[in-house]
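Under the working numbering, the very last position in the sequence shown is 341; numbers go up by exactly one each time.
The hints are simulated quantities; they were obtained by calculation from the structure and are not laboratory data.
In this text, all values refer to a predicted model and were calculated from it rather than measured experimentally.
No residue lacks a Cβ here, since even glycine has one placed at the ideal position from N, Cα and C.
If a hint is listed, it holds; no wrong ones were tucked in.
The list that follows gives simulated cross-link-like pairs (lysine-lysine, DSS-like), each with its CA atoms no further than 30 angstroms apart:
(1) LYS250 to LYS108
(2) LYS316 to LYS81
(3) LYS302 to LYS318
(4) LYS238 to LYS302
(5) LYS283 to LYS304
(6) LYS83 to LYS72
(7) LYS207 to LYS252
(8) LYS35 to LYS133
(9) LYS108 to LYS304
(10) LYS318 to LYS207
(11) LYS307 to LYS289
(12) LYS259 to LYS302
Now the in silico label distances, taken between C-beta atoms and shown as ranges:
(13) LYS133 to LYS304: 32 to 38 angstroms
(14) PHE12 to ASP236: 49 to 55 angstroms
(15) THR132 to THR229: 30 to 36 angstroms
(16) HIS273 to LYS307: 17 to 23 angstroms
(17) LYS72 to LYS147: 20 to 26 angstroms
(18) THR112 to TYR27: 38 to 44 angstroms
(19) SER36 to SER164: 23 to 29 angstroms
(20) GLU230 to LYS72: 28 to 34 angstroms
(21) ILE279 to TYR27: 45 to 51 angstroms
(22) SER164 to ILE16: 14 to 20 angstroms
(23) GLU126 to GLU230: 38 to 44 angstroms
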Amino acid sequence: MILLRKLLFPFAILYGFITSLRNYLFDKGILKSYSFDIPVIAVGNLSVGGTGKTPQIEYLIRLLSPNYKVATLSRGYKRKSEGFVLADASSTAEILGDEPFQYFKKFPTIQVAVDADRRSGIEQLLSKTKPEIILLDDAFQHRKVKAGFYILLTAYGDLFSDDFILPTGNLRESRNGAKRANVIIVTKCPPNITETEQESIKKKLGVSLPVFFSTIDYDDKVYNDTESLAVSDLKLTEKILLAGIAKPKPFFDFLKADTDEIMTFPDHHHFSESEILSIKSRAVDKIIITTEKDFVRLKAKILKAQLYYLPIKSKFVSNQETFDQIILNYVGTCTGNR
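Please take these sequences and the hints and turn them into a complete structure.
Here it is as structure tokens:
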């Protein structure tokens, strides 16, 4: 695989040229960007998948929704619907996509919408629900909308500064795209990351922007729709650990005991009937623990008393108050993103 990626280097150069030209045309106003008269915060990355966008969106929802009418707008990756969809009581993970459906179920006071055309999606939200803040999920490269504030995520151990353009590397665009960000968050850090290492990473990133460091905070319980179980009580329980996310190793490492069986599927995977039967046959007399994103797709297909999920949150290693204040200052002083 590594050799193949090296052989594809000429295509990476071509892809990098095309994305750089596109960004240049947007930067110069030759290609049109649209802005809106409410705070719009975009969360995204330069690489493909696995940087922790979902926990970061949820962090912003928790920060902002107590005082503002918040809406999220995603493209609804791998959903089985088209165009603009506003979540309601009839919505499913298949209609919205797993991450938007997760927002909808966890945060009933916010509006959740999906639309591949972010400009159209914002216009429809403003005409239908009139939110005070819109959070754009995975929209860093969606240049047709000019957000008022950009949060760029990069994962610890997989920094964009150490990567290369697709298909040789995993970058969707040149590292120079980081200059569009207002802040950068290095996600999935070890909880005990030292200040010295933080400073070293800041130098590697090579940007003159505020850089924050966050870690994944796992819950001490697993849940289903009716009950919860303490993780500490499950260490000796024989179980199936199942994940269909981009980088599942930390999830498995947190829960795994020697007797556990691991089942791994592609990110945003839609489970077939044969796969469900295979899961059920391997999980006889066992519980199944999965991720929140997988739970919303599996819970209608597997016995409810058998299936549990492990919640996670984004937690700042330090300087959380500083980050919060930057966001609140933007929202509080924003009179439009023009």
